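Chains as they are written, first to last, in the working numbering: chain A, 86 to 381; chain B, 5 to 315; chain C, 91 to 609; chain D, 622 to 953.
Warning: the hint list may mix true and false statements.
Some chain D residues close to chain B (C-beta under 7 angstroms, calculated; not the full set) [claimed, not checked]:
(1) Asn688
(2) Met716
(3) Asn726
These are computed hints drawn from the structure, not numbers from a lab. It should be emphasised that the depicted structure is a prediction, and the values quoted were computed from it without experimental measurement. Glycine residues also receive a C-beta, built at the ideal position from the N, C-alpha and C atoms.
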Amino acid sequence: MKLFNKKKSDGTEMIGRSMGQETWRRLKKNKGAMMGIAFLILLFIGTALASIFYDYDKDIIGMTRDRFMAPSWQHLFGTDNMGRDIFARVIYGAKYSLFISFGSTLIGLIVGLFLGAAAGYYGGLVDNIIMRLTDIFYSIPYIMIAVVVVSILGTSMSSLLFAMALGTFCNFARIGRASVMTVRDMEFVEAGRAIGLPTWKIILKHILPNCLSAIIVQTTLKVGSNIISASSLSFLGVGITPPTPEWGAMLSDGRSYIRSSGWMCLFPGLAIMLTVLALNLLGDGLRDAMDPKLKR
Amino acid sequence: MFRYILKRIIILIPTLLATSLLIFWAMDLAGGDPVDQILPENATFEQKAALREEMGLNDPFFIRYFRYIGGILKGDMGESYITHRDVFQTFMGRLHMTLLLGGSALIFACIISIPLGIYTALHQNTWKDTAAMIVALFGVSMPNFWLGLMLILLFSLKLGWLPSGGTGGFKYLILPAVTVGLGLAALLTRTTRSAMLDVLRQDYMTTAKAKGASRNRVIYNHGLRNAIIPIITAIGMQFSYVMTGSALAETVFGWPGIGRLVVDSINKRDTPMVTGSIILCCVLMAVINLAVDIIYAFCDPRIKAQYSGKG
Amino acid sequence: MKKVFFALLAVIMAATFGFSGVLAEGIKDDLVIGVAQEINELNPMMQNDQINNNCFALTHERLVFLDNGHGYEIYPEIAESWEWTDETHLVFHLNPNVKFNNGTPLTADDVVFTLNRARSDDPTLSKVSGQLGLVTDVSKIDDYTVQVTTSAYSNELIYNFGSYPLAIQSKAAYEDANNAEPWLVGSGPYIFKEWQEGQYVTFSMNEDYWNKEARPSYAKEITFKFLLEASQRAIALQNGEIDVCVDPPVTDLRFLEEDENVVVHTQAGTRLFYLGFNVAKEPFTNQKLRQAVSAAVDKETIIAIVLDDLGKWQTSVLNRGAWSFLDNDQIEGGYTYDVERAKSLLEESGYKPGELTVELFTPTDDPYKTIAPIIQANLKEIGINVDIKSMDQATLKSECAAGHQQMFLWRWNIGARVDETYRELFYTGFPTNYAQLSDPVVDDLADKVLTEMDQDKRLQYSYDYQNYMAETVYQVPLYVPDLVIAYNKGLVVSDSYDDAGILFAGGGNHFWARAYVEL
Amino acid sequence: MENVLEVKDLVVRFDTDDGIVRAINGISFSIGKERTLGLVGETGAGKTTTALSILNLVPDPPGVISNGSIILDGKEILEMSEKELEHMRGNDVAMIFQDPMTALNPVMTVGDQIAESVMLHEKISKEDAMTRAKEMLEMVGISGSRATDYPHQLSGGMKQRVVIAIALACHPSLLIADEPTTALDVTIQAQVLALIKELIDKNQMSMLMITHDLGVVAEVCDDVAVMYAGRIVEIGTADEVFNHTLHPYTEGLFDSLPNLRQRGEDLVPIKGLMPDPMHLPEGCSFNPRCPYATEECQKKLPELKLVNGTHYVACGRYAEPQFRIRRNPDGK
């Protein structure tokens with residue numbers, strides 16, 4: 086319904102450069118979103134620099150004698166049970182968390198949209214099968230699916246990506262389906278069909294742009310929640326394996342030392358929280374900026 | 005209404021069948037021979053072969069699957085490889101712990117979030133609203149198992165006020181419930197606020213004011229009664245989150261609920277336990293969703309009419 | 091909703107406050123032990139897990155009492171005496187006073203029934219038939235005499251009769267159609283009361299215990315609380331919620347040591363953690379390479395990081411504390427940590443630094459997940475890349491049994507029998523021979539150690555075995571963690587069989603039946 | 622003649638993120654006892670804001686009533702306490718809203734919604750209130766048995782009748798009808814309008830009828846005020862405004878109506894659009910669209926001036942004695 090209205094009042098053209106510019110103009114006014122973007126940029130730069138300046142074998146997974154050092158100027162976040170600098174590991178580890186969450190969201194997005202669009206476009210049996218499939222993934226608590234999948238495929242980056250994409254795709258399938266359903270029978274789609282445009286072109290040219298803003302917002306928020314999911318899985322021992330400095334795995338390691346060396350848990354958790362916060366701020370900002378009607 | 009419930013239950017059946025097939029298949033793919041789980045580590049090859057035959061593990065996949073489904077229809081979900089106890093009974097024996105944790109978390113979340121959401125909506129764009137929303141955003145962004153660890157660090161280790169885990173009286177419930185509830189509260193605060201803001205814009209609110217209804221009456225009698233509908237929807241949608249959150253909080257706090265049961269069983273490759281628990285979780289979620297829908301119908305006459313109309 | 095909630099709350103609170111109380115005489119009437127695992131079976135012969143066995147030690151009795159803690163002395167329990175009448179016949183003379191906890195006397199019929207049931211290859215009856223593989227017949231001579239016939243003499247068979255899976259059960263209970271859980275009937279000082287899954291298991295005192303005079307019990311109830319997280323166990327102990335904390339977290343030990351109400355007890359352990367090779371698969375068919383790995387692994391650092399120095403490293407494959415165990419200085423040619431030597435051994439093996447990448451299979455949980463990266467870093471030093479593959483323990487066992495691994499991390503705990511290491515880990519074709527080893531020298535020595543009746547020769551064979559293993563490095567033994575137990579300072583502990591008290595066993599088979607807390 | 626309502630120099634603005642919206646820029650009018658004033662203008666002229674101001678219900682923030690007075694039965698509304706306002710609303714002044722689809726609370730029965738109005742202002746039991754509600758429903762032509770229905774069970778016309786019933790439940794002395802028929806089907810429009818008219822007469826009430834439909838005005842109103850960009854540009858009796866139109870904007874409104882009697886005559890739409898209330902033009906707000914505009918019009922804001930009798934107009938061109946608009950060449 087919302088999409089329908091938008092279509093009518095704004096026309097398709099607004100999803101072009103002008104929409105991007107307009108969104109950016111509004112987004113710039115949103116302090117939270119700007120802070121989110123700034124943090125994310127900083128994090129990207131930080132993790133890129135860390136990859137250059139730190140030696141993985143020596144600084145990230147190498148052991149030293151300085152075990153359990155409390156935070157100090159020398160070790161900003163302290164050191165862990167193997168004497169590794171937690172600051173280095175947190176910054177370096179950002180790329181794992183970011184890669185997994187972006188990667189899984191992207192896979193989920195593509196698969197989900199494709200399935201959703203197909204379900205919405207063809208309707209009937211196809212729709213039924215695809216939607217029941219997403220129902221299954223909705224009805225089982227997500228963590229359980231992920232734990233099953235990862236423990237079956239073995240703990241590795243790719244199985245983690247796959248497991249998390251499974252938890253992600255249903256959201257996008259629903260968005261895709263809903264937006265395809267609303268525009269499926271509208272005149273311009275009929276017209277496209279009448280002049281013999283292939284189906285995929287219709288979907289790509291006319292239908293996808295209509296759910297673009299919903300997708301962008303959902304993607305941003307999903308990347309955030311996938312960071313949490315990935316770290317949850319690592320925490321449960323089925324995610325990234327040590328000694329990889331993934332944040333959740335670091336938390337899981339630190340848990341045994343929480344009483345004597347609380348900082349081992351504090352900083353990786355803070356890193357997760359702030360990154361997700363930044364993504365949420367950006368997501369909220371984008372939603373307000375792309376759909377001003379929703380604001381206030 | 006009754007027919008509607010019946011219809012929902014009928015729809016549930018193929019979903020459950022598909023779920024059970026998927027899980028059964030997935031657990032079948034998994035490495036690890038069940039026999040290795042059941043027998044002591046130093047069992048002989050002969051013993052293993054005998055057990056494999058005895059359990060029918062040599063049969064083709066679909067035979068085993070249909071045998072399993074047949075068992076379920078007869079009320080037998082099999083027994084755990086590890087504890088040798090009935091899966092259904094084990095699940096039920098732990099269900100109340102998860103319901104207690106999830107229920108308390110939900111109550112805690114509602115107590116905080118609904119008043120806060122209304123308050124912030126009424127004071128939109130003031131510093132109080134902004135501050136509360138920032139806090140809520142922090143809440144949404146926090147991994148709840150980490151929150152649990154931090155709460156343990158503060159309340160059990162530093163202050164020594166509350167136990168750090170296990171079960172027992174009310175004080176054992178506080179930290180896990182807060183851990184699960186806080187993230188939920190943050191989410192529901194955001195939902196309540198936007199639902200309330202949405203309702204406040206509605207014409208019928210002006211109608212009510214124009215009638216001469218007091219501010220409180222307008223907000224609570226007219227506003228909340230409408231805003232509660234999306235809030236209930238959100239709560240319904242968050243049950244999956246509650247279960248996920250519980251699974252993590254149960255691990256952090258050693259709380260013997262079904263979340264931990266499933267995670268532990270997976271780690272131990274306790275196939276019947278995993279398969280059974282996940283199917284039962286599905287049923288549980290379906291029952292909860294149905295309950296939410298029914299509550300929903302009581303709050304919204306339009307939906308109630310739909311159910312009784314179409315049946 | 092609310093009503094249900096509060097009702098649930100009330101039930102749970104009642105359940106908590108139900109147990110815990112104090113006796114007037116100055117003995118706490120219950121004993122609560124915080125353990126790291128949950129029990130998983132109530133029938134002794136359907137399992138062989140330490141956590142269960144600690145419970146069966148309360149409710150059941152064996153033919154002989156095996157003091158797991160101190161040199162594996164054997165004392166009478168149900169059997170008053172026993173002897174090998176010839177090379178293949180072992181005869182037990184039962185104590186005629188023994189009674190089951192349901193009041194019926196325990197006779198030769200029960201022993202024959204139990205042992206024959208345990209020997210059964212039907213996995214629904216028994217899962218420990220392997221323990222009696224040598225036994226060909228069990229027969230009753232009279233009401234209080236039982237004869238066990240074996241296919242060959244074994245030095246170690248008697249120890250099996252001291253294991254809890256072979257605790258004597260009641261034949262009558264199994265024949266009683268009304269008894270759904272006949273395995274709960276045992277002759278021990280405690281009776282199973284309740285197992286609340288995920289929370290605790292409770293045993294109450296058997297008021298009519300047959301041997302009450304000689305071996306009295308004190309605590310009215312003994313509860314094992316399953317507190318899986320180590321730090322939670324430690325806190326629970328300090329809060330007085332539990333009286334004993336088994337395996338407190340070594341990292342938090344100082345908090346316990348500082349607590350004046352808590353005693354921290356440490357003794358040498360017997361559970362060996364090791365780095366295993368699949369010696370039937372490239373590249374670890376290469377002995378020099380195995381030696382290089384063994385010399386490259388810094389065991390002391392591992393002990394420092396994983397155990398906070400509460401453990402001992404060793405080069406023998408036999409568990410520390412076992413009969414004939416050779417300590418590091420007694421083994422010739424054990425590969426101690428020496429990077430330079432490791433590098434030259436690698437060169438001798440024909441592999442160049444950096445060219446080799448091997449997979450290390452490791453369980454996902456502690457301590458393996460901490461050990462694995464250390465080994466990875468150690469081997470990196472000499473130019474071997476390690477790819478860590480984490481998996482749950484169940485999968486690890488299956489994978490290793492199938493021989494898919496190159497290297498793996500695992501542990502082995504033995505009781506009194508060295509055969510449990512010599513045969514079960516390394517004998518050709520044995521299911522737990524994860525090394526996939528098939529070496530006639532090893533097999534021959536293992537057989538000799540088991541059956542040689544001349545004890546001096548037998549000892550020498552065992553030394554030879556250990557020395558041979560140290561040289562061939564079919565396994566890199568890493569360390570044996572110390573047994574650490576923290577308990578309420580009122581807990582009465584003793585370390586001899588005759589005194590009232592508990593017996594701590596290095597491998598974790600503790601005997602709690604006579605422990606209590608003085609107020 | 623005694624006035625029920627007197628509005629003087631009312632100014633309302635909205636402070637939004639994007640700037641200040643000047644919704645009402647000093648309007649004055651009054652409504653006599655048992656008289657109906659029609660407030661006419663395009664969408665966005667400030668009609669609804671005027672109506673909400675009378676109930677002191679302009680959403681605040683962002684709305685601010687920055688100047689003026691609204692006197693109802695001799696009492697200043699803008700100085701009333703919250704309690705007095707609540708007492709006044711519904712009891713002395715009631716309002717019928719534009720869109721019956723959204724004006725009713727979807728989760729309350731219509732009976733409850735009418736009864737609520739009664740219970741708020743009279744000490745009466747719930748049962749009696751329900752009885753009253755049923756009577757009110759009967760009065761607006763709906764069977765009393767439908768009191769237990771929810772709004773979604775009623776048609777649009779019936780909903781508007783319910784809205785009317787709510788408004789009249791406490792016999793207010795002034796009824797504000799904000800485009801009461803716009804959202805309805807044409808056939809229903811006439812019925813509802815007839816109903817309102819009948820009820821007004823029966824209950825001896827005054828009414829402020831807000832509409833953009835001159836036909837409705839002609840049918841119901843005694844007096845007419847024409848609003849443009851937050852100002853009243855012409856006000857007078859219905860006869861004066863209809864038959865002796867003075868303001869070019871009013872003329873524009875008439876010209877854009879289809880004339881059924883002279884079919885075939887070209888419609889003359891007013892060119893251009895309503896000015897953005899955030900950026901009102903200098904001088905007369907209508908000057909960019911006015912066919913009679915001069916340079917003078919761009920500079921000076923015309924004041925509302927009495928022409929004759931009760932007929933006022935705000936147009937600078939009438940400073941020229943010979944100025945006439947096409948519709949009214951006599952200038953009377």
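Verification of the supplied hints:
1. Because the closest C-beta pair between Asn688 (chain D) and chain B is about 23 angstroms apart, greater than 7 angstroms, the hint is violated.
2. With 7 angstroms as the threshold, the beta carbon of Met716 (chain D) comes within range of chain B, its nearest partner Cβ sitting at about 4 angstroms, so the hint holds.
3. Against a cut-off of 7 angstroms between C-beta atoms, the interface hint on Asn726 (chain D) holds, since the closest Cβ of chain B lies about 4 angstroms away.
In summary, the one numbered hint that this structure violates is 1.
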